[in-house]
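Peer 1: Sequence:
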Amino acid sequence: MTGESKIVLKDQKSPFLMGGCKVADGYGTMLVTAVGLNTEWGLLMASISEDNNEETPLQVRLNGVATFIGIVGLVVAAMVLVVLFARYFTGHTTNADGTVQFVKGRTGVKSTIFGVIKILTVAVTIVVVAVPEGLPLAVTLTLAYSMRKMMADKALVRRLSACETMGSATTICSDKTGTLTLNQMTVVRSIVGAIELQPQATIDKLSPTVTSLVLEAIAQNTSGSVFEPEDGSTVEVTGSPTEKAILSWGLELHMKFAVERSKSAIIHVSPFNSEKKRGGVAVIGRDSDVHVHWKGAAEIVLALCTNWLYVDGSTHEMTSDKANHFRKYIEDMAEQSLRCVAFAYRNLDPKDIPSEEQRINWELPDNDLTLIGIVGMKDPCRPGVRDAVELCTNSGVKVRMVTGDNLQTARAIALECGILTDPQASAPVIIEGKVFRAYSDAEREAVADKISVMGRSSPNDKLLLVKALKKNGHVVAVTGDGTNDAPALHEADIGLSMGIQGTEVAKESSDIIILDDNFASVVKVVRWGRSVYANIQKFIQFQLTVNVAALIINVVAAISSGNVPLNAVQLLWVNLIMDTLGALALATEPPTDQLMKRTPVGRREPLVTNIMWRNLFIQAVYQVAVLLTLNFRGRDLLHLTRDTLEHSSKVKNSFIFNTFVLCQVFNEFNARKPEELNIFEGVSRNHLFLAVVSVTVVLQVIIIEFLGKFTSTVRLSWQLWLVSLAIAFIRCRWLLLESSFQFPRPH
Numbered sequence: 085m086t087g088e089s090k091i092v093l094k095d096q097k098s099p100f101l102m103g104g105c106k107v108a109d110g111y112g113t114m115l116v117t118a119v120g121l122n123t124e125w126g127l128l129m130a131s132i133s134e135d136n137n138e139e140t141p142l143q144v145r146l147n148g149v150a151t152f153i154g155i156v157g158l159v160v161a162a163m164v165l166v167v168l169f170a171r172y173f174t175g176h177t178t179n180a181d182g183t184v185q186f187v188k189g190r191t192g193v194k195s196t197i198f199g200v201i202k203i204l205t206v207a208v209t210i211v212v213v214a215v216p217e218g219l220p221l222a223v224t225l226t227l228a229y230s231m232r233k234m235m236a237d238k239a240l241v242r243r244l245s246a247c248e249t250m251g252s253a254t255t256i257c258s259d260k261t262g263t264l265t266l267n268q269m270t271v272v273r274s275i276v277g278a279i280e281l282q283p284q285a286t287i288d289k290l291s292p293t294v295t296s297l298v299l300e301a302i303a304q305n306t307s308g309s310v311f312e313p314e315d316g317s318t319v320e321v322t323g324s325p326t327e328k329a330i331l332s333w334g335l336e337l338h339m340k341f342a343v344e345r346s347k348s349a350i351i352h353v354s355p356f357n358s359e360k361k362r363g364g365v366a367v368i369g370r371d372s373d374v375h376v377h378w379k380g381a382a383e384i385v386l387a388l389c390t391n392w393l394y395v396d397g398s399t400h401e402m403t404s405d406k407a408n409h410f411r412k413y414i415e416d417m418a419e420q421s422l423r424c425v426a427f428a429y430r431n432l433d434p435k436d437i438p439s440e441e442q443r444i445n446w447e448l449p450d451n452d453l454t455l456i457g458i459v460g461m462k463d464p465c466r467p468g469v470r471d472a473v474e475l476c477t478n479s480g481v482k483v484r485m486v487t488g489d490n491l492q493t494a495r496a497i498a499l500e501c502g503i504l505t506d507p508q509a510s511a512p513v514i515i516e517g518k519v520f521r522a523y524s525d526a527e528r529e530a531v532a533d534k535i536s537v538m539g540r541s542s543p544n545d546k547l548l549l550v551k552a553l554k555k556n557g558h559v560v561a562v563t564g565d566g567t568n569d570a571p572a573l574h575e576a577d578i579g580l581s582m583g584i585q586g587t588e589v590a591k592e593s594s595d596i597i598i599l600d601d602n603f604a605s606v607v608k609v610v611r612w613g614r615s616v617y618a619n620i621q622k623f624i625q626f627q628l629t630v631n632v633a634a635l636i637i638n639v640v641a642a643i644s645s646g647n648v649p650l651n652a653v654q655l656l657w658v659n660l661i662m663d664t665l666g667a668l669a670l671a672t673e674p675p676t677d678q679l680m681k682r683t684p685v686g687r688r689e690p691l692v693t694n695i696m697w698r699n700l701f702i703q704a705v706y707q708v709a710v711l712l713t714l715n716f717r718g719r720d721l722l723h724l725t726r727d728t729l730e731h732s733s734k735v736k737n738s739f740i741f742n743t744f745v746l747c748q749v750f751n752e753f754n755a756r757k758p759e760e761l762n763i764f765e766g767v768s769r770n771h772l773f774l775a776v777v778s779v780t781v782v783l784q785v786i787i788i789e790f791l792g793k794f795t796s797t798v799r800l801s802w803q804l805w806l807v808s809l810a811i812a813f814i815r816c817r818w819l820l821l822e823s824s825f826q827f828p829r830p831h
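Each residue of the sequence shown is one higher than the last, beginning at 85 in the numbering used here.
FYI, nobody ran anything at the bench for these hints, they're computed from the structure. All clues given are correct.
Pairs of lysine-lysine residues, derived as BS3-like cross-links and limited to a Cα-Cα distance of at most 27 Å, are as follows:
hint, residue 1, residue 2
1, LYS361, LYS518
2, LYS328, LYS361
3, LYS328, LYS412
4, LYS534, LYS551
5, LYS681, LYS238
6, LYS328, LYS289
7, LYS608, LYS233
8, LYS518, LYS555
9, LYS518, LYS551
10, LYS106, LYS94
11, LYS534, LYS482
12, LYS482, LYS238
13, LYS591, LYS551
Simulated DEER-style distance windows between Cβ atoms:
hint, residue 1, residue 2, range
14, TRP697, VAL779, 28 to 34 Å
15, ASN451, LEU335, 27 to 33 Å
16, GLN96, GLN508, 49 to 55 Å
17, ARG242, THR123, 21 to 27 Å
18, LYS518, THR322, 31 to 37 Å
19, ASP237, SER542, 29 to 35 Å
20, ASP237, THR205, 46 to 52 Å
21, SER645, THR795, 16 to 22 Å
22, THR293, ASP237, 51 to 57 Å
23, LEU335, THR683, 48 to 54 Å
24, PHE790, VAL193, 37 to 43 Å
A virtual CB, placed ideally from N, CA and C, is assigned to each residue, including glycine.
From just these sequences and the hints, can you work out the full model?
Peer 2: As structure tokens, then:
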């Protein structure tokens with residue numbers, strides 16, 4: 085099974101049929117010999133459905149961050165637990181009224197158990213603070229949001245994790261036909277009767293004999309068709325891209341398809357064979373003349389010709405000089421990224437035609453052919469492909485073209501698309517599939533990074549290239565549309581199938597379906613992938629700042645006084661509600677042009693960068709310094725010395741909680757632009773972000789003013805609210821200090 089459609093003969097020597105194939109001609113009785121996984125289709129589907137259990141680059145990093153934070157949280161909680169137990173049982177902890185909580189021999193069992201439970205609650209709270217519960221939600225929200233938005237950019241995501249993996253892609257192995265090009269073949273050069281027809285010359289320079297042979301070759305030796313409406317409306321041409329191009333060229337030569345077909349009758353067809361690179365047909369005319377027409381790869385058909393047809397209808401011998409002359413035409417066309425097809429024919433004595441019963445095994449004669457002409461067809465690059473390739477190159481993503489075309493055509497298209505910049509490039513930059521295939525595994529890995537174009541390649545060559553690139557540490561994206569591309573699509577880190585030309589097997593084995601078959605859409609997927617990664621990093625910075633600040637504040641307060649300013653209920657609000665809303669706000673940040681000016685994030689690069697550590701450290705230092713100062717000196721600073729100790733402690737702790745939450749609100753603005761000074765740039769365009777911030781502030785007001793019974797808080801005066809806002813807003817201007825600490829970006 086090759087994935088390409090072609091007619092094959094089935095007889096006693098080769099009796100097996102594959103399910104799903106169509107019977108083009110003949111009849112017979114069939115016996116089912118295999119179903120399900122025992123069929124070729126089943127084996128292929130089994131191979132692509134195997135889960136390789138390979139984690140994506142982001143999953144590896146997230147697991148590392150989560151493990152590290154979990155260990156830190158447990159260690160700190162254990163240390164605090166030991167210290168608090170030591171303080172409690174040695175009589176160094178006091179109640180709100182100043183009395184000692186535990187006195188040996190005097191404190192009852194019930195009070196002791198209550199004190200131990202309180203200490204355990206503090207330790208558990210520290211563990212809860214340390215673990216970033218909002219991280220999985222942020223990842224899921226970011227991926228889901230990006231997946232929905234990518235649909236508008238003609239990309240259907242089948243596997244959610246493929247979004248972020250695409251952001252780390254370092255190389256893209258792309259097909260040529262239909263992806264880099266339009267898959268709309270057009271004849272742009274033609275040589276008939278040994279002269280090149282200019283677009284305006286049409287068929288007028290050809291003799292009636294040559295004209296008749298050309299139109300007969302076009303109309304009869306084709307699997308396409310032409311529908312010419314009687315009302316004179318637009319003519320419809322159907323068939324493969326190559327057939328449509330040749331038939332359209334015939335129409336430009338004033339061919340009347342139905343008329344030409346009526347002038348002769350088809351006796352026998354030799355379907356196009358991808359191995360022989362040619363197909364033929366035998367036709368008999370009204371005057372009983374029999375012509376055998378051949379059409380196929382120009383260099384193949386030319387080698388079978390012993391004569392050539394001149395413009396006046398005369399036939400001349402194909403000398404070596406003349407063969408070289410035609411061969412030069414073919415090479416020139418290939419260098420212009422043209423696909424060359426040659427037409428040839430020969431006369432046949434009607435007596436040599438076998439009977440109808442014998443024709444099924446009749447092989448049309450392909451010797452002593454006379455060359456009629458050669459056409460060069462161009463499949464133009466898609467609009468925007470060159471810009472897309474340039475954008476990929478500038479952003480550190482290497483684009484490689486893997487095609488079945490010959491090296492000359494592949495080189496020309498690669499130069500036109502911008503994949504190649506040197507017209508004189510040679511191996512291993514541009515290489516044939518059979519050469520790469522013949523290398524050992526070590527040799528393939530050595531040359532894989534240097535390859536930009538692989539011509540005359542098979543789907544297995546693409547698979548070998550993907551494996552070699554992955555072993556070299558690349559994150560590989562692969563495009564494919566055929567059934568036989570399935571293994572390479574499955575092996576790649578990101579498989580991209582084509583929505584229009586792609587087979588169902590290719591789509592099933594891919595991670596993302598490009599709905600418009602356009603390479604420019606692949607680049608948009610890269611952009612969204614980088615946005616996913618950047619948004620997750622933004623949330624991690626935001627989340628870790630919240631957790632680190634809360635952790636340090638509670639740990640220091642617990643060790644020094646035995647009490648914590650942020651209780652379990654308050655931290656539940658911070659961790660669950662704030663993190664959920666924060667994830668929603670930061671996960672929906674749209675991609676920016678700056679993302680494509682960065683290099684891909686390598687597999688081994690840390691998730692938390694130096695810049696993130698800088699921001700996190702300075703933000704946490706500010707919050708910890710301010711809030712711990714309030715914790716220890718709050719009664720004096722807030723002028724609460726006239727109140728009772730119990731009430732002033734509640735006001736102080738409520739103020740600390742309120743200030744801490746408002747700091748995180750402004751921290752969300754900081755996280756939006758981790759590397760920029762103007763953190764408010766573009767915020768007005770993100771309506772969801774503004775809505776989340778507004779909801780957070782409203783909920784905080786409700787908690788402080790109306791839900792104090794549940795959160796152990798008291799109402800704050802408007803003066804204290806203004807002070808809280810001022811402290812939180814000053815946090816934004818703290819960025820000026822952050823910007824003075826610069827770290828080099830890894831290359």
